[in-house]
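Q: As a plain string of letters, each chain reads:
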Amino acid sequence: MATNTQQAEQRELMMLQQYLKDYGQQAGIFVEQLNLLENGRMEAFAAIEALEAMLAAEENTVLLQIGGGASVRAKVLEPDKILIAIGAEVIVERTNKDAVEFLKERIMEMEASQKRVSETLDKLRGQMNEINKRLESGYQQSMAGPQVEE
Amino acid sequence: MFGGLRERLQAARNQLSSSIGAVVAPPAAEPVITPLTPAAGSTEPAQPASPSFVDKVKVLVLERELIVSDKNIAQALSELELTLLESDVALPVTDAIIVNIRKNLVGKHRKIGESVDAMVVRALKTALLDVLGKGFDLKEYITTRPRPVKILFTGVNGTGKTTSIAKIGSYLHKQGFSVVIGAGDTYRAGAIEQIAVHAERIGIKIIQHKEGADPSAVLFDTVQYAISHKIDVVLADTAGRFHTKSNLMNQLEKIKRVMKPDLVVYVDEAVAGNDAVIRAAEFDRTVGADAIVLTKADMDSRGGAAISITHTIGKPLMFLGVGQGYDDIIPFDPVGVVDELLDGAA
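Keeping their order, the protein sequence lines are chains A and B.
Residue numbers for the first sequence follow my numbering, so the first one is 276 and each next one is one higher.
Residue numbers for the second sequence follow my numbering, so the first one is 18 and each next one is one higher.
Possibly wrong hints are sitting among the right ones.
To be verified - Ranges between beta-carbon positions, derived for each pair:
#: 1; chain 1: B; residue 1: Asn-31; chain 2: A; residue 2: Ile-341; range: 42 to 50 Å
#: 2; chain 1: A; residue 1: Glu-364; chain 2: B; residue 2: Ala-91; range: 32 to 40 Å
#: 3; chain 1: B; residue 1: Asn-174; chain 2: A; residue 2: Ser-393; range: 38 to 46 Å
#: 4; chain 1: A; residue 1: Ser-346; chain 2: B; residue 2: Glu-357; range: 29 to 37 Å
#: 5; chain 1: A; residue 1: Ser-346; chain 2: B; residue 2: Asn-267; range: 30 to 38 Å
#: 6; chain 1: A; residue 1: Leu-358; chain 2: B; residue 2: Gln-241; range: 40 to 48 Å
#: 7; chain 1: A; residue 1: Thr-280; chain 2: B; residue 2: Gln-241; range: 31 to 39 Å
#: 8; chain 1: A; residue 1: Gly-343; chain 2: B; residue 2: Asp-360; range: 27 to 35 Å
#: 9; chain 1: B; residue 1: Asp-360; chain 2: A; residue 2: Glu-313; range: 53 to 61 Å
Claimed, not checked - In silico EDC-like pairs for lysine to aspartate or glutamate, Cα to Cα no more than 20 Å straight-line:
#: 10; chain 1: A; residue 1: Lys-398; chain 2: A; residue 2: Glu-307
#: 11; chain 1: A; residue 1: Lys-398; chain 2: B; residue 2: Glu-98
#: 12; chain 1: B; residue 1: Lys-273; chain 2: B; residue 2: Asp-292
#: 13; chain 1: A; residue 1: Lys-390; chain 2: B; residue 2: Glu-217
#: 14; chain 1: A; residue 1: Lys-372; chain 2: B; residue 2: Glu-96
#: 15; chain 1: B; residue 1: Lys-271; chain 2: B; residue 2: Asp-249
#: 16; chain 1: A; residue 1: Lys-379; chain 2: B; residue 2: Glu-96
#: 17; chain 1: A; residue 1: Lys-350; chain 2: A; residue 2: Glu-376
#: 18; chain 1: A; residue 1: Lys-296; chain 2: B; residue 2: Asp-249
#: 19; chain 1: A; residue 1: Lys-379; chain 2: B; residue 2: Glu-210
#: 20; chain 1: A; residue 1: Lys-296; chain 2: B; residue 2: Glu-217
#: 21; chain 1: B; residue 1: Lys-156; chain 2: B; residue 2: Asp-344
No wet-lab data here; the hints were simulated from the structure.
Each residue gets a CB set at the ideal place from its N, CA and C atoms; glycine is no exception.
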């Protein structure tokens, strides 16, 4: 009987380890999503900065990065006509101010999404902590040796 | 779910209503109703200034009737078009919605007693329902098919395919169907253990081979098991793949030839927006898809994929994944979704 109990305990521990692995994989996906959202948010901030600077720049001259750390001075012909991807692979022309507004809205949306993903991630981590505790107590019990049944 | 889209549609609805409302002639002055009771000290009852029947008809029918012209709503529809595109609703779907709304509003007479808002909501609902299709009642499908009903799940990597299979398994189990899962993802490390744990948790039999085994063989065995044990439904997991990987797509073709699925279900995540729609179309073109499951709908603020996918690929949306638990999957109900988007408006 004691052997059966031990086997059951071992089996439960293995199950818990698998749960933990499963939750860990899910958490990894959510972390990846958070990173994507953060990158998108930072990109949008950079775009806003560039759009605003473009209007303020003298003679509409900006530094255009061409890769490898190299840049050229480029003159923007129409700094108030911005082509912006609004979604569904559609690009529309907006004024500089409207494009900035659009990007600000997108940032707010991304922040809301980040909040939701973070909440889910927190929940997952909470569940992982619970599983960890159960695993730990399971290991301690198994280390204490087989239980004698009366 | 789809909170951003709901807000945007609410704004579009208000704009359409106010555009139409702005062209309504100011209401005719209410007829003065004189009390029928005789005035104090008067011997004769005062005559009420009652409008004639013709006047009533004129006021109630003609002057309060509204015929919407294209010009009245052109600006609002243009705004709505941008709103939908910003929500990642595919361009052809956006066009279809706008055309439908225009058809349902322009030249229409407002019903007596119907508010402008109700008229707009009706047009929006009709247009959205038209692109959302009728959904897919899996329970009814299984009931009407010879057993076992074999369902093959496909899709790209990391979209929640395996978890969705477990959720659907749990859903079907609770509906009273016997289910067996085939661990056909023999490619991804840990995929077999993952689905095995799910199956054990929800009390469903799983057929599995070793990692790296031929998925066609696993799924063939699963179907054989289902036949011999009179199981109602086979849920076949497969490795995630991109449609551009021809060797993996050929493998999927082989799986289809071997297990002869009744349904091929494409799984993708709602948060992928228009990308999910494009990928679904590509999968449908290469290996075919009969229905769609969109995961992570609870995290999708825009709703673009859910709105676009059925109209774009012509296949129904079957389930929406809305959380981490096994019960967090809901059969796609177009009417419910549209009601929720339009704030429960009638």
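Q: The structure should be examined with respect to each hint, and the outcome stated for every one.
A: Results of checking the hints against the structure:
{"no.": "1", "hint": "B:Asn-31 - A:Ile-341: 42 to 50 Å", "result": "holds (46 Å)"}
{"no.": "2", "hint": "A:Glu-364 - B:Ala-91: 32 to 40 Å", "result": "violated (25 Å)"}
{"no.": "3", "hint": "B:Asn-174 - A:Ser-393: 38 to 46 Å", "result": "violated (23 Å)"}
{"no.": "4", "hint": "A:Ser-346 - B:Glu-357: 29 to 37 Å", "result": "violated (49 Å)"}
{"no.": "5", "hint": "A:Ser-346 - B:Asn-267: 30 to 38 Å", "result": "violated (46 Å)"}
{"no.": "6", "hint": "A:Leu-358 - B:Gln-241: 40 to 48 Å", "result": "violated (57 Å)"}
{"no.": "7", "hint": "A:Thr-280 - B:Gln-241: 31 to 39 Å", "result": "holds (36 Å)"}
{"no.": "8", "hint": "A:Gly-343 - B:Asp-360: 27 to 35 Å", "result": "violated (52 Å)"}
{"no.": "9", "hint": "B:Asp-360 - A:Glu-313: 53 to 61 Å", "result": "violated (32 Å)"}
{"no.": "10", "hint": "A:Lys-398 - A:Glu-307", "result": "holds (16 Å)"}
{"no.": "11", "hint": "A:Lys-398 - B:Glu-98", "result": "violated (37 Å)"}
{"no.": "12", "hint": "B:Lys-273 - B:Asp-292", "result": "violated (25 Å)"}
{"no.": "13", "hint": "A:Lys-390 - B:Glu-217", "result": "violated (32 Å)"}
{"no.": "14", "hint": "A:Lys-372 - B:Glu-96", "result": "holds (18 Å)"}
{"no.": "15", "hint": "B:Lys-271 - B:Asp-249", "result": "violated (23 Å)"}
{"no.": "16", "hint": "A:Lys-379 - B:Glu-96", "result": "holds (18 Å)"}
{"no.": "17", "hint": "A:Lys-350 - A:Glu-376", "result": "violated (23 Å)"}
{"no.": "18", "hint": "A:Lys-296 - B:Asp-249", "result": "violated (31 Å)"}
{"no.": "19", "hint": "A:Lys-379 - B:Glu-210", "result": "violated (44 Å)"}
{"no.": "20", "hint": "A:Lys-296 - B:Glu-217", "result": "holds (15 Å)"}
{"no.": "21", "hint": "B:Lys-156 - B:Asp-344", "result": "holds (16 Å)"}
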